[in-house]
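Single-letter residue listing:
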Amino acid sequence: MYKSLLANRYLRTRFIALASIISVTLGVATMIVVNSVMSGFSYQMKDRIHGILADLMIESTSMDGTQNPPQELIDDVMKIIGDEVVAITPTMEIYGMMSFEWAGQTVNKPVTLIGIVPDGKDAVSPLKQYMLSRKAIEQDGKIIREPLRDMHEPLDWSLTEQAIQVRKERADYINLKSMWEDSYGAANRRQPLPEKAVVQISDIEIVESDETASPEATTIDLVDSTFEISEQSEPPTSEMPAFQDPFSSNKPSEKIDLTKPLSGKVFIGAGLVSFPYKDRDTGETRIMYMTQPGWDVNFTTISTGVPKPVSFPATVVDIFQSGMSEYDSNLVFCNLEELQQVRGMMAFADPSKPEDNLNWKNGAITTLQIKLKDYTKAPAIIRKLQMELPNQTDFQVRTWEQKQGPLLEAVAVESAILNVLLFMIIMVAGFGILATFYMIVVEKTRDIGILKSLGASSGGIMFIFLRYGFYLGVVGSSTGVALGLLFVYYINEIESLLSRITGEDVFNEAIYYFKDIPVMVSPMMVVWVALGAIYIALLASVLPAYRASQMHPVRALRSE
Amino acid sequence: MSRIIPMNSNTVPHLSARAIDKGYRKGEHQVPVLRGVDASVSRGEFLSIVGQSGSGKSTLMHLLGLLDVPDRGEVTLDGKRIDNLPARSRDELRNKVFGFVFQFYHLLPELTLLENVLTPLMIRYSRWEFMKRKKEFHAMGVDLVEKVGLGHRLKHRPSELSGGEMQRAAIARALIGQPSVLLADEPTGNLDSRTGADIMKLLHTLNEQDQLTIIMVTHDDAIARQAQRIVRLSEGRIQTLEEAAA
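Chains as they are written, first to last, in the working numbering: chain A, 1 to 560; chain B, 1 to 246.
Because the hints were derived from the structure by calculation, they are not lab data.
Treat the numbers as computed from the prediction; the structure is a model and nothing was measured.
Incorrect hints may appear among the rest.
Derived SDA-like pairs: lysine to any residue, alpha-carbon spacing no greater than 20 Å straight-line [what the hints assert, rightly or not]: (1) Lys26(B) with Gln402(A); (2) Lys135(B) with Met1(A); (3) Lys155(B) with Arg12(A); (4) Lys134(B) with Leu5(A); (5) Lys155(B) with Tyr10(A); (6) Lys80(B) with Arg90(B); (7) Lys135(B) with Leu5(A); (8) Lys134(B) with Asn8(A); (9) Lys132(B) with Arg558(A); (10) Lys132(B) with Met1(A); (11) Lys155(B) with Asn8(A); (12) Lys96(B) with Gly460(A); (13) Lys134(B) with Arg558(A); (14) Lys155(B) with Ser4(A); (15) Lys26(B) with Ser559(A); (16) Lys26(B) with Arg558(A); (17) Lys132(B) with Ile287(A); (18) Lys96(B) with Lys373(A); (19) Lys26(B) with Gln162(A); (20) Lys373(A) with Asn391(A); (21) Lys96(B) with Ser457(A); (22) Lys155(B) with Thr13(A); (23) Lys134(B) with Met1(A); (24) Lys155(B) with Gly460(A); (25) Lys155(B) with Met1(A).
Work out the full structure: start from the sequences and follow the hints.
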């Protein structure tokens, strides 16, 4: 009874000890904040990685894809693990290069082309939600553009009304331009136009995504932006100035309907075609898009067999922003049929009518993406697939986590190291407690003598100080928990306050893609941190408590 | 007051020390404090131990009260040796049999007067037991505090009390556990003569009315003479035993 009473009184009357516990409080608060933000980031990141990848991927080891028709593979897979599958979709992954004209220059970007069947892909991993046409675009907290179509509309390759309009204006412009070129520009022409359909990719600087091109910012380089559509296997004829087709038309662009989208259609990652810039007048950060839905861009990738470069133009259907910069600045989703066709993976394709009978079922694929009913069963399912899939050596079965293993591991290692460091801070605080406690024991020497003379046992004396240490730990860590949780709760307010004070954007949305700082408080983490801090305070009080218990009563009583 | 109890009565003395040697180590030298000291006290007796500073009187009291262990010799309680008991049992004896009063009162500054008085009971009983009998103990404490004349100071901290009041509180604390022996180390040493006289009066009352055995250590002959019997110590040896002139 006297133990808790005294420990309680010591706690209430000794402010120096409370001061020593502040370091524990701060340590605990920091740990909670850091862990919450780290797990918030990592959760969001995992969510976004997972969002674009699928639960499970069966990847062909060859870049040329499967030998058999994909439907056969799908049937095989469904036979083995059909009960566990929610959705399955064929895809093709291949590296390539994207090029388009912007501000008078050709912009080249290495990309990963992923051939998809949109609704199938959307069923495996929801892609719709990332499409800019389905999102409201905000700027400075205000919506500057409403979504152009409903979020729940099925995902397909259709252009939005706005994109069609943009395309029309563009076609008119190109027609006008080429008419002008035909009439007056022949003398300036450095190279002849090729005889087949020519599409000029020019570049209009747009500040907001839907703003129409301003004439001053428009530059067109006719020559460099021409290419061929139909004969992929041949090098672009425009590079051969000596070649003059006697039957070449004066108005090649009239041969095809420029307002109709090309057969190649793509969703492009926002990071590939945009960049943040600081407005010189307002000093605010804005996003500049270098292309927009309705325009065309050009891709180069390799054909199957002995790799040869193949090029194809494609219409930008939409721009996606997943928030994972690695995806947004790398991925381009293309219609699977076009990619199969271009890479020469399409069987029964009629070269004369390339756009007919395009069906991915006739071509090869490289990857099957699968969404599972229960992701936790993935390891067992992978084992099963590896055992039972025919021609298993041709495939590699991985989960999205295994595919992104290094990235996830890096995050895990980072957070582990941070935790170790922060726990060391709390341990330093523990030594502070130790020193303070030693002083308190010295100060309390006479009281210890009194208690012993009144019959208190050594164990009892030790217990007083252990309990005191425990109380201090509880007070310190619970204050720390409260402080940490409060900080986490108001982290965005604190961030904006800091931004206002320092005049610099502490958490730049344009860099992180997050509007708010993502936080995730895991209750277990909070409990462990709090218990750890209490344990350290308790541990730090053991030595002084032991010293107190071993004091000789007479000597203790004599001390002044 | 002049009840005389013969030294060598056949009855076993209540508390006695026999052939006690005690020394302290100071650096490399063993400094003897007590050399072959015998002392005993019967039940209900008021004994005072007198001597100059350094004569070992306080050490003798500490040994009798089990705060320290003798180098040689033994301490017996009702004929049973108690100085070689395990620490636990000695703690328990200190709590139940002895009550201590010190020159500097030694109250715990964090506790109120009543809590200070109740400390021995808190030490004796488990938390649960104490909570169960809290009312009873509380009443006991209040009674005792009133008996020493501090009924109006129950909730005060020691720092808010005068010297005499603190010493009364210390006496109340020593008595709450209903000890059979009260050990007082210079109880008046830090008080002016009038307050000192009040304290002495209180001790006499306790001795006479409650038949409490008191061993009082003092350097003041005048105070010592108020006891029934005096043990005079000089340089660690018994100088004289004398009956106090009442």
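Right, here's what the structure says about each hint:
1. Simply put, Lys26(B) and Gln402(A) have alpha-carbon atoms about 72 Å apart, too far for the 20 Å limit, and the pair is violated.
2. A C-alpha spacing of about 15 Å is found between Lys135(B) and Met1(A), which places the hinted pair at or below 20 Å, so the restraint holds.
3. Note on Lys155(B) and Arg12(A): the hinted pairing holds, with a Cα-Cα distance of about 17 Å set against a maximum of 20 Å.
4. For the given pair, Lys134(B) sits about 14 Å from Leu5(A) by alpha-carbon distance, which is consistent with the 20 Å threshold.
5. Straight-line distance between C-alpha atoms of Lys155(B) and Tyr10(A) comes to about 18 Å, which keeps the hinted pair within the 20 Å bound.
6. Pair hint Lys80(B) plus Arg90(B) holds up; C-alpha atoms about 13 Å apart against a cutoff of 20 Å.
7. In summary, the hint linking Lys135(B) to Leu5(A) is supported, as the alpha carbons are separated by about 17 Å, within the 20 Å threshold.
8. This hinted pair checks out: Lys134(B) and Asn8(A) have alpha carbons roughly 18 Å apart, not beyond 20 Å.
9. Simply put, Lys132(B) and Arg558(A) have alpha-carbon atoms about 36 Å apart, too far for the 20 Å limit, and the pair is violated.
10. Between Lys132(B) and Met1(A) the CA atoms are separated by roughly 12 Å; this keeps the pair inside 20 Å, and the hint holds.
11. Restraint check for Lys155(B) and Asn8(A): the C-alpha separation of about 17 Å stays at or below 20 Å, so the hint holds.
12. The suggested pairing of Lys96(B) with Gly460(A) holds, with an alpha-carbon distance near 16 Å, which does not exceed 20 Å.
13. The hinted pair formed by Lys134(B) and Arg558(A) fails the criterion: a straight-line CA distance of about 33 Å is larger than 20 Å.
14. Under the criterion of a C-alpha separation no larger than 20 Å, the hint pairing Lys155(B) with Ser4(A) is consistent with the structure, at around 19 Å.
15. Using a Cα cut-off of 20 Å, the hinted pair Lys26(B) and Ser559(A) holds, with the two alpha carbons roughly 16 Å apart.
16. Taking the CA atoms of Lys26(B) and Arg558(A), the gap is near 15 Å; set against the 20 Å cutoff, the hint holds.
17. Only pairs whose Cα atoms come within 20 Å are accepted, and Lys132(B) paired with Ile287(A) is rejected, the gap being roughly 73 Å.
18. With a C-alpha separation of about 72 Å, the suggested pairing of Lys96(B) with Lys373(A) is violated against the 20 Å cut-off.
19. For the proposed pair Lys26(B) and Gln162(A), the alpha carbon gap of about 99 Å is over 20 Å, so the pair is violated.
20. Distance restraint check for Lys373(A) and Asn391(A): the Cα-Cα separation of roughly 25 Å exceeds the 20 Å cut-off, and the hinted pair is therefore not satisfied.
21. Proposed proximity of Lys96(B) and Ser457(A) is supported: the alpha carbons are some 13 Å apart, at most 20 Å.
22. Under the criterion of a C-alpha separation no larger than 20 Å, the hint pairing Lys155(B) with Thr13(A) is consistent with the structure, at around 17 Å.
23. Pair hint Lys134(B) plus Met1(A) holds up; C-alpha atoms about 11 Å apart against a cutoff of 20 Å.
24. Between Lys155(B) and Gly460(A), the direct Cα distance comes to roughly 25 Å. Violation of the 20 Å bound is thereby established for this hinted pair.
25. The suggested pairing of Lys155(B) with Met1(A) holds, with an alpha-carbon distance near 19 Å, which does not exceed 20 Å.
Violated hints for the displayed structure, listed by number in ascending order: 1, 9, 13, 17, 18, 19, 20, 24.
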